[in-house]
Structures are given as structure tokens and as C-alpha cells.
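*Asks:* What follows is each chain in one-letter form.
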Amino acid sequence: MLNQEKPHSSAAHDPVCGMEVKSPSKYYINLLDKRYEFCSEKCQNEFALYPNKYIEKANNVQPSYKTTSYGIEKLSLPIIGLHCISCINNIEKEIKKLDGIKNVHVNYAAQTAHVEFKSGETTTEDIISAIKNAGYQTGKSTLKLGINGMHCGSCVTKIEKELKKKSGVISAAVDLGSESAIINYIPGLIDTKEIKNVIEKLGYKIFDTAGVSKGYPGKAAEEPGKEKEEKIKEGPVDENQKAREKEYKTLMHKFIFAGILSLPVILFSYPDLWGLPAQFQKGADLLKTIWLGMSLLSLPVMLWSGSQFYTGAWAAFKNRSANMHTLIATGISAAWLYSTAAVLFPGIFPSEKLADVFFDVIFVVVALVVLGMALEIRAKGKSSEAIKKLIGLQAKTARVQREGKELDIPIEEVVLDDTIIVRPGEKIPVDGIITDGSSTVDESMITGESIPVEKNTGDEVIGASINKTGSFKFKATKVGKDTALAQIIQMVEQAQSSKAPIQRVVDNVSGYFVPAVIIMAILSFVTWYVFGPVPQLVYALIVFVTVLVIACPCALGLATPISLMVGVGKGAENGILIRSGDALETAQKLDAIVLDKTGTITEGKPSLTDVIVSNGFEEDEVLALSASVEKFSEHPLAEAIVKGAEDKNLTLAEPKEFNAIPGYGVEANANGKKILLGNLKMMKKFSIQLDNLEEQSSKLADEGKTPMFAAIDGKAAGIIAVADIIKPDSISAIAQLKKLGLEVVMITGDNRRTANAIAKQVGIDRVLSEVLPEDKAFNVQKLQNEGKKVAMVGDGINDAPALAQADIGLAIGTGTDVAIEASDITLIKGSLKGVVLAIQLSKATMKNIKENLFGAFFYNGLGLPIAAGLLYPFFGILLSPIIAGAAMAFSSVTVVTNANRLRRFKAKV
Amino acid sequence: MTIDQILVIVGGLGLAAWVAWYFWFSEKKAVKVQLAESGIQEAVIKVQGGYTPDVLIFEAGKPIKLNFIREETAGCTEEVIFSDLNISATLTPFKTIPVELKIDKPGEYDFHCRMGMVKGKLIIQQSLENSDLKKSL
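Each protein sequence line maps, in turn, to chains P and A.
If you read the first sequence in our numbering, its first letter stands for residue 2, the second for the next number, and so on.
If you read the second sequence in our numbering, its first letter stands for residue -16, the second for the next number, and so on.
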């Protein structure tokens, strides 16, 4: 039986972990006339071991909570990366471990932790680090400020202390040297203005607002203790862009240096070729001196122009791995050692012929490979343009109405339910719902739809889209990391860094590639030395260097990821979000595509399609009267009729004596006439003579429409038909899908007659009708059992299981719901055209990847044997290391350039 | 066959064998990262031509924080990609860029630059959960 001696309510606090436990709990200990209850045996044991530690805590908890709320702070912290319900427990547990926590509740849907805590015992920072301990990040903003007038270390502490007192400030770090402060804070609890006020009140001047920077989820997030590094950070994109520019410039300088010096070197390396005067010919003392000079001159070329080869090779070598740098560094070092030996100690070579120099190889190879690296940086910058464009779309500020005042605030400070004002030509800052006003909005940057969309009160607006014509106010429904744009950026970044299955082949190869090339070079050297023509040593060395230099592991490594990056980015530009490389690769192998009818092929809501009149009634009159009757009904069919009438600019009358007869229809008076609107049973009930209307009605039903009879003053007036109409581009999109060689299947819960009617109109041959929503996944599986790769297109809500079951799930999202979990590809624009585009794009990307891989394998597969001298015995062809250097330098540039061709991808719709 | 030819053959084969052993078969040094008081397994990885250290051992199910410091501007290493986890980070040169992970499934997870030329590996081992829990409570 239940034990009734429980001390207070039916909920008790576990004094160990702080969790709320149901009282009476199975686990309890009676100590000093008090009963302590626990969530688990673990806590019970812990308490038994160290009772004093927890008794005090427990005693504190109860009374202060009950008696007063003094010193209790309430905190709402946004949490990033909450993926599962079970994560919540982890976070709550971690937070409860802290002292002074009164209540914790993590809301999964809102991705927010609500914490009540005693400010004396715990700080906001502790809570944030507890959340971090659980493995999650909190949403926060970072503000950088320049502060004038600080003269001593004590000013720093003063400002920091004052700032930290403010609720909402997580951490503040003031740096005297750079006269700046980095403040991490929670937007909503405090804003930049308030922070600035605090500092200004202390008597300091703020001279520069470097702006607010944000950590993106999934990416590097800033840590409270790491302010030092953030100090100079001005947004990672710019910084990296700058680094890239700098690297490009350095490489170009290195190239020019090596390039210019290579000219005289080439001149004196082949004195006989250029027909130089006798004192420059081989054997002459002057030439020997010049060669010595060249040997010295190679040093800055190798050690400055080619420094990255040596540092890169050494770093890799330490880690027992090898890369392109290893190859180049080994190759040029070998050439230099041989040539320098030939100049300094020609005596050690058996014959004079062997004492040849290869300084030209060093100069030219270094120059060309460095040039190749520079060009590659340029080309790669273009490849990542899509994501940069997306990030650049974000609005910087928002005009928010708070307490009756209009404020321009940084976008990071916009909180949920803020009312935001948008004027014509302005960017909409965050996602929301229009509360007042109307306008047309250009959403092309998000959806890819080029025609501006009309927006009225109650419609959703997407952040980063541009308001065209009117002014309006809207309520923010998604801010910060939850906005459609932020989610798109995150998805694109994730997809770009994912691996396409085809890449695994390369991964297997690349681990072995470079060492294999080194071994091949050594063996070629041995072969030429033993079996080669005279002078063997010279040939062996040339072959050794050529093999090392021509191999291009970069081309192999770059082939897949660079195309994937361009392809996924291109998709995002067109409103297609591809979740991973895997999805992209599967999407081009499809055999069949299942289309959900409602909302995918059709609009998903009924509209007026036909008005048929009889007995001499006018079409407009019948429609106007029917719509008047339905004016106040909220049934979707009624709304369709009313909207149909409004679209024709018909004036509706006020209905009187309205009467709905369930299962039949409605009757009412309008404009002094008695109107009946309903099904066949309704007409029979009122003995209305229908004549041939009945026949026409069944014809409409065959077409998948819902017909309703209208009678005016006891006479049949006609039929009003509504239907879920087909989206304007469904028919052409389906034709395109068929052209792509896909079997198109329609799936619907509708009866067979309606389903077939729709299928016929859009040109679908295979129909799965009368399928219950829960059976959709099963039907997809049946198709898969036929040995097909099946894609499913649905709305992502009812169709989630089927989307997950399919090899590729394509969710048609509308508006701001872009992160649809079950889907592999999300189409932001609600049109089937997007499906066609997604498949075409994945085909184009995979083709590009294959071209790149073929090119890279072909190049290395062909180049390496030729460099090793395989053609020499048959055709006398031997590559010069200089040619090899040129080939190597441009092979990876070619790969990147080919991938960039994808940026010009255009859908063939 | 002359003596120098024999020397070259023996030397060449020996060198080739050494290359194969050094890059493929020799044991790589792995660094085991200890769990800090804060409950985070934190490590600093220097990025310069390669990742140092490049093989790190972590416990499963505990938060991991990798602080990358890219000490070069060479474009290759600009991005670090954990392709098994679909995570990437842009490494701004000469800054500490933290990457936070939590991996529950033991196993090996590669990370690399965009080209795959520079590589590293996380080895996730089953945690000794129960013995640790008491201490952390």
C-alpha cells in the first residue's frame, strides 16, 4: 500500500541530483527524522555515503523556494543542435548538478532551456557550461566594442564586473592593450544599447562598434573562455577570404621570382641548343662558374619559392604520411644534389658526360607547380561562391517595434514575437507572419522562384527575401539559427562536407598513392640504371625526378569534393537542398518516382472549377448566390466557392435563415431568393427536377471533381464543381520525369475513380489508389521489392515514413519549413519542377565527378608509366621533368575548372 | 653485372621496402586524450602541412572539443572535414577554431582537408562509464 507519511507534496526533490521525483519514491533514506527521496539507487547510495554534503543542500532548497522568490532568476537559453528527445534529459541532468538550480525545463520544440536559479549560487555562465558539458551549445551573441579612456588594469576589472552583473551577459573580457571588449550575451535578456550604457555610465567612451558576430551551429562555436581569439575576428568568411588572397599573392610572387630566374638558367643549361659562344659551351671554365652560380641561386628558389614543399613534406613525414609536397620536395632535392655534385666534384662521375646539371628542372618545376597552386586557389574561391552568397543574403538590421517605439537593432537581437516593420525595397530580416499590411515579396533568393509572391495578413514571410511594393508589419516566428536561411546555410554546409559514396574508391587509393609513387620512382631509377642506355645515371635520375613530379594526388583528392561543393551550392541557388553526397549520388540512379497526389501534383486545397447552368439561369447569378449561402461557412469546399466568386468580382449578399443539413447540404435565403446547395440526396429531398444535370454531375465526378447541385426558388439552377486542382506545371514536370527515364507512379488515398481521372490528366500510367496514409511506406517498399530504386515525393508531414522508406525522399516544403527531417532532398519551392531540376542537377554533378575522376585516374595512370620511360624502348619517347611539372601543375587546375563548369548548370525544363 | 649495378639494385629495393614500411606498415603514434574536470575531452591540433597530433583517442559518448590552430595560409588546409559526421569547419589561419563533437559509437572517424591530402583520425573507444560516474557525481 501507499505510504502516507510523505512530508509535503507528491513531488520531492532528489537532494543528490536535484531531479524532481515522484513521492513516495522507491528509493529513500530516513535520517534525523526527515525523509529523503531519490530518483534512483545510484543517488540513494551517493547520499548514504556523503549525507552531510547533500542534507544542507536539501534544506536550502525547500524553504527558500517556497517562501520567497528573492534572488531567483529565470533564464531562457536557446540551445543548438538538439536532435532527440532523450538529449533533453542529459541537459536537464547536467544543469541540475549545479548548485542553486530551482527548476529546469528544456523545451524540445522551442529548443530552449528554461532555468530558474538562485543568482547567488550559480551564474548564467555555469549553466551554459553545464549545457556544454552535456554536449550542446547555447545560442548567444558576441559583441565587440572599442573602449576609449581606459588607463589602468583596474578599469578593466571595473568594466568587466559591472557588465557581468547585468543579467543576460554571459561573459565580458576587456582588453587594455587593444582597447576593446568582447561581450557574450543572450539577446532578448539584454541588448547592445544596454551594454553600451553600462560602459558609458562608468565614464568610458565607446568609439567603434565592430559589429556583432555569430557562431553558426554545427560550425566552430565560440567558447566563453576564448575571447582572446575572438578579438580580431571579423566574421570568418572575410578573414579567410583575406588569407586566401594573401596566399595567392605570396604564391604569385614566388612564381614570378622562380620564373624570372629560370630564364637565364634555361639559357645556360643548354648551351649547344642555343648556339652560345664557345666560352659558354660545356667544358668551358666560364660555364662551370655560371653553373656554380646557378647552384647557389637554386637555394632561394627551393627554400623560398618552394618552401611549402619542404614544410609540407616534413610535417607529413613526421606523421608517417606523404603527399604532393613530399613528391615535389624529393624530386627537386634529388635534382639539386646531383647537379651540385656534378659542378663541384665532376671527378666522382665515371665519365664527363655524366657530370650534367638539371638546375633548369628545379626552377621550372617550382615555378610551374607554384603557379598551379595559385590558380587553384582562385578557382576554388569560385567553387564556394554559393555558400558565400547565401551568408551574404542575411539582413544586418531589423526595424522592431517595442513598447510603441521603432528601433533599428542588429538582427541578432530580434527575439520571437517581435513586431517588425518592413518598408518597400527593404530586406525582410527574419521569418514571420504578416500581422498588418500587404505587399509583394521577391523570394527568389530562397526559393528560386523568380516571380514575386503576393503576401497578405496571415501569410508567411521568409527572412532575406525582399519586400517589393507595400509596407507591412510582421511577427517574428523564427529568429537566429532557426530561420529558413540559417537552416539552409547549415544544410548546405553539411552537405558540402559530406562524402559521396563514389569518393570511397578514391579514399582507398589515396592512402597508398604517394608512397606507391615514391616506390615506383625508386624502382624506375634502378631499372634505368641497370638496363638503360648510356649514360645510365643521367637517365635514371631524369626518370626518377619525372615520376615524382608528374604524379598528381591533388587531382584525385579534389575530383569528388569540389564538384559536390559546386553541385550542392547550385542546388541551393535554385531552391533545392540536397542533404548529402549520398543523396546526390542516389538521385541519379533512380528507376521509379512515386508522387503523392495531394499537395504534390495538386495544390492540396480545393478551388472552383466548373459552373454549369440550366433552366435559363445566368452563370454569375448562380455562383454569386451559392457563394452568398456559403459565405460564413468554414468548410474548405465552401471557401473554394466563395473564393471563386470573389475572383470573378461578384458581390455577395448576406445569407438569411441559413440552415445546414448534415449529409445533404445547406439552405438559405439571399437577395430574396431561396437557395439550396447540396448533393443529389438534397435535391431529391426537396423534389427538385434535375433533368440532364445528374448526368453532367457524374461526368464531373469522373474527372475527379466534387459537384454540388444548386437550386434557386425550387428550380434546378445548375452545378457548381470544386476540385483540388492540378498545379500549373505538374503536367510538364511529369512529362520531363518520364523523359528522364523514370517510371512515374501516383499514390493517393482517393478512390480509384478520382485517382485515375487525375492520373489521366497529368499523364501518369501507374496509380496506387485508396492507400491509407500509414500504408504509403509499405507501397514504396513493394516497388523497391521489384528491384527498383525508388524516389518518393511528398510534403514531409504525412508522408514522412514513406519519404524515409524510399531510396530518396524528396520533401516539397513551402515557406519556412526547410529542414524536413525525413527527406534527402528538400524543395523549397512547392513545384514538381524542382524534382526534375534536382534529378537533372544530381545527374550533372555525378557526370562532372566522373569526368574529374576519370581525368585524374587517366592522367596519373597514363602519366606515371610514360614518365617512368615505358615508351622509350618502343618509340624512344622520354618525358622531360619540365613537361611533367607543367602537366602536374595544370591537372589540378583542370579539375577545379571542370567543376566550376557546373556553376553554369541550367535546368532543361 | 657490375658491382655498382648490384649496389643500386640492393639499395633501391631496400629503400623501396623502407618507404613501404614507413608509410604503410609502421605503427602510428596515437594520442589518448584525457577527460578534463569539466567533462570535456579537449585537444589542440596544430595544422601545418599536416595535423599534429593526427591520431587521437577519445572516449565514446563524452563531449569532444578539438581546437584547431592553422599555422599556415596554404589553401589546402583551409577546411577540416569530418565526412563521417557531416561536419566541417573553416580554419582561419593563426586562430584557434574549436570544433565540438560528441560521438556515441566507438570506431574510427577520419578527418581531412578538402582534397584529402592531409589526414587525421579519431579513434573512439568504449567508455569506462560506470567507474567514472561516481567520481563525477
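If you're looking for bench data, these hints aren't it; they were derived computationally from the structure.
Keep in mind that a hint or two might mislead.
Listed below are the simulated BS3-like cross-link pairs for lysine-lysine, each with C-alpha atoms no more than 25 Å apart in a straight line [as the list claims (entries may be wrong)]: (1) P/Lys644 x P/Lys686; (2) A/Lys104 x P/Lys319; (3) P/Lys94 x A/Lys88; (4) A/Lys29 x P/Lys247.
Just so you have them, the derived chain P footprint on chain A, three or more residues with Cβ under 8 Å [to be verified]: (5) -13 to -3; (6) 2 to 8; (7) 14 to 23; (8) 26 to 35; (9) 67 to 77.
Just so you know, even glycine gets a beta-carbon here, dropped at the ideal spot from N, CA and C.
*Asks:* None of the hints should be skipped; say for each whether it holds.
*Replies:* Cross-check of the supplied hints:
1. P/Lys644 x P/Lys686: With a Cα-Cα distance of about 28 Å, the restraint between lysine 644 of chain P and lysine 686 of chain P is violated, given a limit of 25 Å.
2. A/Lys104 x P/Lys319: Holds - the C-alpha atoms of lysine 319 of chain P and lysine 104 of chain A are around 15 Å apart, at most 25 Å.
3. P/Lys94 x A/Lys88: Holds, at roughly 21 Å.
4. A/Lys29 x P/Lys247: It holds: about 21 Å lies between the C-alpha atoms, which stays within 25 Å.
5. -13 to -3: Holds, because 5 residues of the region -13 to -3 of chain A bring their Cβ atoms closer than 8 Å to Cβ atoms of chain P.
6. 2 to 8: With 5 residues close enough to chain P, the hint holds.
7. 14 to 23: holds (count 3)
8. 26 to 35: Coverage by chain P holds here, the residue count being 5 at a Cβ distance below 8 Å.
9. 67 to 77: holds (count 8)
Going down the numbered hints, you'll see the structure goes against just number 1.
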